[in-house]
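These protein sequence lines are chains F and H, in that order.
Read left to right, the first sequence gives residues 1 to 111 (the working numbering).
Read left to right, the second sequence gives residues 112 to 225 (the working numbering).
No lab work stands behind these hints, which were simulated from the structure alone.
Positions of the beta carbon are idealized from the N, C-alpha and C atoms, including for glycine.
No farther apart than 30 Å at their CA atoms in a straight line, the calculated lysine-lysine pairs in the DSSO-like style are these:
{"#": "1", "chain 1": "F", "residue 1": "70", "chain 2": "H", "residue 2": "152"}
{"#": "2", "chain 1": "F", "residue 1": "98", "chain 2": "H", "residue 2": "182"}
{"#": "3", "chain 1": "F", "residue 1": "108", "chain 2": "H", "residue 2": "152"}
{"#": "4", "chain 1": "F", "residue 1": "69", "chain 2": "H", "residue 2": "155"}
{"#": "5", "chain 1": "H", "residue 1": "120", "chain 2": "F", "residue 2": "98"}
{"#": "6", "chain 1": "H", "residue 1": "147", "chain 2": "F", "residue 2": "108"}
{"#": "7", "chain 1": "F", "residue 1": "98", "chain 2": "H", "residue 2": "155"}
{"#": "8", "chain 1": "F", "residue 1": "26", "chain 2": "F", "residue 2": "108"}
{"#": "9", "chain 1": "H", "residue 1": "151", "chain 2": "F", "residue 2": "69"}
{"#": "10", "chain 1": "F", "residue 1": "56", "chain 2": "H", "residue 2": "152"}
{"#": "11", "chain 1": "F", "residue 1": "98", "chain 2": "H", "residue 2": "130"}
{"#": "12", "chain 1": "F", "residue 1": "98", "chain 2": "H", "residue 2": "163"}
{"#": "13", "chain 1": "F", "residue 1": "108", "chain 2": "H", "residue 2": "151"}
{"#": "14", "chain 1": "H", "residue 1": "130", "chain 2": "H", "residue 2": "152"}
{"#": "15", "chain 1": "F", "residue 1": "26", "chain 2": "H", "residue 2": "151"}
{"#": "16", "chain 1": "F", "residue 1": "69", "chain 2": "F", "residue 2": "26"}
{"#": "17", "chain 1": "H", "residue 1": "155", "chain 2": "F", "residue 2": "70"}
Now the stretches of chain F that chain H is said to cover, found in silico as 3 or more residues with beta-carbon under 8 Å:
{"#": "18", "segment": "27-33"}
{"#": "19", "segment": "44-51"}
{"#": "20", "segment": "79-92"}
{"#": "21", "segment": "101-111"}
Incomplete in silico selection of chain H near chain F, CB under 10 Å:
{"#": "22", "residue": "146"}
{"#": "23", "residue": "155"}
{"#": "24", "residue": "166"}
{"#": "25", "residue": "201"}
{"#": "26", "residue": "205"}
{"#": "27", "residue": "208"}
{"#": "28", "residue": "216"}
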Amino acid sequence: SQQGEEDPQALSIQEGENATMNCSYKTSINNLQWYRQNSGRGLVHLILIRSNEREKHSGRLRVTLDTSKKSSSLLITASRAADTASYFCATAVGGGNKLTFGTGTQLKVEL
Amino acid sequence: DTAVSQTPKYLVTQMGNDKSIKCEQNLGHDTMYWYKQDSKKFLKIMFSYNNKELIINETVPNRFSPKSPDKAHLNLHINSLELGDSAVYFCASSQATGGGYEQYFGPGTRLTVT
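Chain F on its own, in the form it takes in the complex (with noise of 0.2 Å):
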């Protein structure tokens, strides 16, 4: 079964404004990332956050974690044209490799 359920499925903004993606899962986790998908193409690793940290930064990235919530959030500042994609958020449980996808959201910013 999945393990993540991100929210929302669809979200369109204005370029310039922020983007929100949300993502819950359902087990302990060793780590958590954030991968993006352009139309057509593979995935691209954005960010990775361990279990034991709250908050990461990468660029115009802002990744939390809670994990007494069993969520994450994606935030895109000041958002592009060229951001336009797919987001997903991926879990690894223990020690594995084995990455248990989320179901994307749809992020679409018009200029």
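Got chain F; can you put chain H on it based on the hints?
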């Protein structure tokens, strides 16, 4: 230089045929994966190899057989193709097994079974 490459990019074939998808990574990674992404974009792991050894084998029909001739290559052979096999198949690699490693994905192979 493409880090993870797959061939072919598109594959259209009829039910009952046998087909293969090839994957190569030039990142020097030890671990490689096959994922299946369905029409709703749900991505699920199928197999994982670490240095040519199978370490993850999800509940996949035995018509699917991965083969890793060396740690830079992981191929996927599918026998007796069915309509439900239509999907996009992604190869990926990571530096090692164990948690905490990001995965690098190939561009995908869109398989259409008619």
